[in-house]
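*Asks:* Residues per chain, in single letters:
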Amino acid sequence: MNRFAIRCAAGLSVPFLLVACSSAPSSPADSSSGGQVTITVGDRPTSSDPANRAQYDQKVADFEKANPDIKLNPVETLWDPTTFQAQAAGGQLPDVLNVPFTEPQGMIARKQVADLTKVLKDDGLLSELNPNVLKIAQDQSGNVYAVPTAAYSVGLVYNRNLFTKAGLDPNKPPATWDEVRADAKAIAQKTGQAGYAQMTTNNTGGWMFTTQTYAFGGSIENADGSQAAFDDAPSKAALQALHEMKWVDKSMGQAVLYDIDGISKAFSAGKIGMYMSAPDAYRTLVNVNGLKASSFGIGPMPQQGGDHGTLSGGSVQIVSPSATDAEKAAAVKWIKFSYLNKYVDQSAAVTSAKNGVAGKLPVGVPGLPVIAADQWSTYQNWIKPYVNVPLDNFAPYTKVAADQKIIPEPPVKAQEVYAALDPVVQTVLGNQKADIPALLTKAAGTVNAKLGR
Amino acid sequence: MLFALPVLLVFVVFSWGPILKGLVMSFQQTNLIDPVKWVGLENFRYVLTDPGVGQAALNTVWFTLLALLFGFPVPVLLAMFLSELRGRSWLYPTLAYLPVITPPVVAILLWRFFYDPSPSGMFNSILGSVGLGPFLWLDSPHSAMPSIVLEATWAGAGNAVIIYLAALTSVRADLYEAAELDGAGVVRRVWHVMLPHLRGVLLLMLLLQVIGTMQLFTEPLLFTGGGPQGSTMTILLLIYNYAFVNGDYGAATALSVLLALVLAVVSAVFQLATRGWSTE
Amino acid sequence: MSGDRGALSDTDRRLTRVRVPFVIGQVVVLIGLVVAGLGPLLWLLKAAISPTQDSIRSPLAWFPSGQVQWQNLATAWQQGHIGYYLGNTAIIAAGTALASLIVCTTAGYVLSVLRPRWGAVMSAGILATLFVPHIVSLVPLYLTVLKVPVVHANLTNTFWAVWLPPAANAFNVLVVKRFFDGIPREYFEAARIDGAGSIRVFTSLVLPLSRPILGVVVLLSIISSWKDYLWPLLVLTNPDLQPVSVALPKIAKVTELNIQLAGLFLALLIPVLLFLVFQRAFLRGVGLSGGIKA
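Going line by line, the protein sequences match chains A, B and C.
Per UniProt numbering, the first sequence runs over residues 1 to 453.
Per UniProt numbering, the second sequence runs over residues 1 to 280.
Per UniProt numbering, the third sequence runs over residues 1 to 294.
Here are the computed lysine to any residue pairs in the SDA-like style, where the Cα-Cα straight-line distance is at most 25 Å:
{"hint": "1", "chain 1": "C", "residue 1": "K227", "chain 2": "B", "residue 2": "F72"}
{"hint": "2", "chain 1": "C", "residue 1": "K227", "chain 2": "B", "residue 2": "P73"}
{"hint": "3", "chain 1": "C", "residue 1": "K46", "chain 2": "A", "residue 2": "V288"}
{"hint": "4", "chain 1": "A", "residue 1": "K360", "chain 2": "C", "residue 2": "E256"}
{"hint": "5", "chain 1": "C", "residue 1": "K46", "chain 2": "C", "residue 2": "W70"}
{"hint": "6", "chain 1": "A", "residue 1": "K360", "chain 2": "A", "residue 2": "Q55"}
{"hint": "7", "chain 1": "A", "residue 1": "K135", "chain 2": "A", "residue 2": "D325"}
{"hint": "8", "chain 1": "C", "residue 1": "K227", "chain 2": "B", "residue 2": "V74"}
{"hint": "9", "chain 1": "A", "residue 1": "K250", "chain 2": "B", "residue 2": "L127"}
{"hint": "10", "chain 1": "C", "residue 1": "K250", "chain 2": "C", "residue 2": "W160"}
{"hint": "11", "chain 1": "A", "residue 1": "K442", "chain 2": "A", "residue 2": "A241"}
{"hint": "12", "chain 1": "A", "residue 1": "K236", "chain 2": "A", "residue 2": "G305"}
{"hint": "13", "chain 1": "A", "residue 1": "K190", "chain 2": "B", "residue 2": "G133"}
{"hint": "14", "chain 1": "A", "residue 1": "K250", "chain 2": "C", "residue 2": "R57"}
{"hint": "15", "chain 1": "A", "residue 1": "K236", "chain 2": "A", "residue 2": "T441"}
Treat the hints as calculated values from the structure; they're not laboratory data.
What you are looking at is a predicted structure, and each value in this text was computed from that prediction instead of being measured.
Given only the sequences and the hints, what does the whole structure look like? Please build it.
*Replies:* Given below as structure tokens:
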């Protein structure tokens with residue numbers, strides 16, 4: 001009708017067409033051409049981390065050389081709880097992504113991960129993996145949906161410098177929660193810093209409460225995940241211990257709101273004596289936030305009234321549910337190459353350790369074996385010359401952790417359950433008159449409603 | 001009529017379409033992967049029985065009230081005062097506007113540091129030097145919401161000040177002179193000339209503020225994650241959690257529809273209540 | 001229409017009981033505004049070049065450890081890519097403003113000047129969205145952007161996802177329409193008699209006449225896109241496209257506090273400098289927007 005309007009309309013619709021043509025780089029349809037498979041792989045370090053980025057890119061190049069029929073498309077996508085659902089819904093997930101132990105069960109239930117059972121069996125990898133750790137990536141009928149590549153058990157991280165200042169033995173972290181309380185009190189009185197702190201926000205409150213409940217002999221959900229199981233004595237005792245440290249001993253400082261980042265920064269600044277965390281916190285505390293390596297200490301999870309166990313933690317690799325069989329196979333190859341080869345191949349182990357040292361990354365942080373135990377100790381020997389973390393500071397943890405029982409996350413909707421438990425912990429630490437039994441009963445009602453949906 | 005094409009396209013795709021889709025989705029259950037299931041009013045039942053929703057609603061209303069109590073009068077008074085100044089007239093508005101320029105995320109990350117509850121925290125050191133505190137700020141369920149309001153007022157006041165100032169410069173001088181001749185003192189001149197002149201703008205800003213504050217999201221997400229004890233969990237943050245953390249889009253849209261109904265009622269009541277008043 | 005006097009008259013100003021509190025008030029307000037407006041920026045500058053421990057242990061002290069770390073700023077600039085993310089923010093703001101302009105001018109032209117028979121229906125439809133809060137459509141809008149109806153394009157991780165949805169802004173459309181309503185009809189008659197078609201009338205008559213209102217629309221879109229966090233967080237998951245608001249919290253999580261504060265300082269300094277340069281035009285525009293809203 002008139003030219004301006006036509007031009008205008010064209011101007012608006014052209015971008016749509018362009019986008020339509022160029023969209024969905026990860027869609028399976030256009031990813032294989034001439035027998036070659038292309039997969040997008042996540043977790044490429046950002047350019048603000050140049051050393052790691054270079055190392056990662058080298059690994060990608062090596063992999064492509066070794067597997068000429070597979071092309072990798074590395075992206076910087078990281079797992080982030082606040083945007084993961086959006087990315088999954090939007091088909092924006094890379095074919096391979098690193099996610100923490102807390103996630104696979106929920107993703108399996110929401111069908112956001114590919115079933116890898118067959119590919120792993122064909123590859124032979126299935127039999128090499130540590131079956132105990134593999135459980136967190138399996139559904140009720142034993143199908144495997146993810147590959148664990150690093151595993152830890154939650155322990156108690158402590159500041160050796162503050163321990164010394166408080167007149168405590170830095171080589172003897174507390175073994176029971178009664179001892180945690182006594183040590184926290186000593187630190188608070190002698191140094192003026194918080195003797196003990198605990199994460200409370202963005203679902204970490206429920207997560208750490210779960211760990212603590214396990215250490216007191218309790219559980220969060222019943223076996224099939226249909227009912228809340230924390231409205232009982234162990235959970236009450238766990239919260240009571242927190243309450244007494246906070247309000248009777250006044251050994252937990254003023255701050256209540258901590259997430260991983262917040263507690264790491266406060267701990268590295270020397271404001272916290274002890275908190276629950278896995279040994280992989282070493283990197284965040286020392287390499288990112290500048291804690292002195294000599295101040296870092298970690299012990300096993302303190303237990304109360306028996307030897308109950310602790311929560312596991314770590315990383316698994318997931319594969320996009322839209323991946324074709326060929327892409328799944330390629331993804332598993334990459335996971336093996338990138339994360340697991342070093343455990344079975346001496347030269348890969350040495351290269352990886354050397355690169356770690358060059359990139360100023362911690363090498364040799366103790367953890368749980370993701371592969372069979374004897375192979376694991378062989379690997380430890382291979383990398384021994386390159387270890388750049390003070391292993392003695394990990395000794396209290398390593399001496400006990402191997403035998404400590406590992407209890408997995410609550411089986412159903414763990415994150416929603418954690419979210420419902422955050423306020424419970426926050427109330428105990430924020431309100432001197434908190435009614436612990438009533439809080440737990442109320443939270444159990446909330447959790448049951450979520451589990452029933 | 002190709003002139004209508006851009007507006008129609010944009011509104012159909014990004015406004016009318018999503019609104020209708022939201023209504024439809026509130027009666028469905030979907031995780032975007034399995035086929036869609038019609039569940040009738042189940043989403044609404046679930047949302048209304050979630051104890052978190054009641055608390056979030058109360059928190060949201062509480063925030064709105066606090067924001068009105070602090071955030072609304074401060075810029076009005078400031079603008080009235082500034083409008084009386086002569087010379088260097090650019091300095092004050094420019095200073096007042098600087099917080100508005102601050103990207104909200106920068107402001108929040110910075111204030112979160114200022115709100116450090118230990119005695120060596122920024123605000124606690126300042127107040128401690130005159131013998132007050134230490135206060136818990138964001139770490140207590142009682143002061144967390146007021147702390148957020150304080151930051152939000154700081155961040156938003158400048159914008160309102162400029163708008164009121166512009167409105168005040170259009171007050172005709174002869175109105176004041178007439179009032180003065182009638183023997184009206186300064187206070188009465190402010191009350192009878194200045195304020196009535198601002199009435200239209202004030203009412204509009206009031207409505208915008210109520211609607212804006214009811215959609216509070218970024219501050220609680222980055223400041224407190226909804227804590228402590230859920231005291232800063234707002235409706236919008238809850239909707240976000242339902243949808244983008246739990247992947248429960250049905251519950252999220254059901255809660256959105258409920259919030260929209262409330263806001264529509266609020267605007268309608270507001271319009272009715274102020275109709276005669278503002279055109280007086 | 002002049003502000004050459006306010007509620008206080010010249011005689012009032014000479015009275016001691018008015019002048020003294022007024023001057024005191026002026027000083028208090030000035031100090032308050034300096035602290036509130038410049039304080040954070042100045043403190044950030046100090047903290048940005050301090051070691052982490054100084055800022056945590058005694059945030060108010062003047063370099064207690066005696067160390068000044070200028071290199072923090074360079075590190076934050078290089079590692080945090082603050083400049084790059086600010087560039088993204090600028091691209092997003094500019095695109096949003098342009099999209100809003102195109103939509104609201106053409107819409108205003110249709111509704112106010114061309115006035116087709118279905119104009120009333122469209123007008124009502126646009127007005128209605130003013131009363132439906134933005135949030136209702138957050139989730140469905142997100143799903144729409146994932147898969148735009150009919151063309152089935154996925155707009156996430158393209159700038160279109162942040163440019164187009166804000167253009168569906170009823171407020172802007174109505175404001176522009178109202179402004180066009182104020183243009184005397186005789187102008188259009190005269191132009192028609194001269195043989196100008198609708199396009200000519202639009203480009204050479206309506207647009208030039210409406211420059212002030214277009215400035216306000218541009219300003220409002222830029223400010224709201226500058227402030228937005230949630231929407232770009234959702235639709236721009238690719239770090240290469242994210243604006244500074246989305247990038248900063250992520251940077252904060254993986255950097256030591258001093259570098260993080262240096263990053264915040266840079267992310268604040270540049271917009272503040274830009275604002276100071278365009279301060280006059282900017283504040284006039286904001287003031288005008290209030291007049292229009294009322």
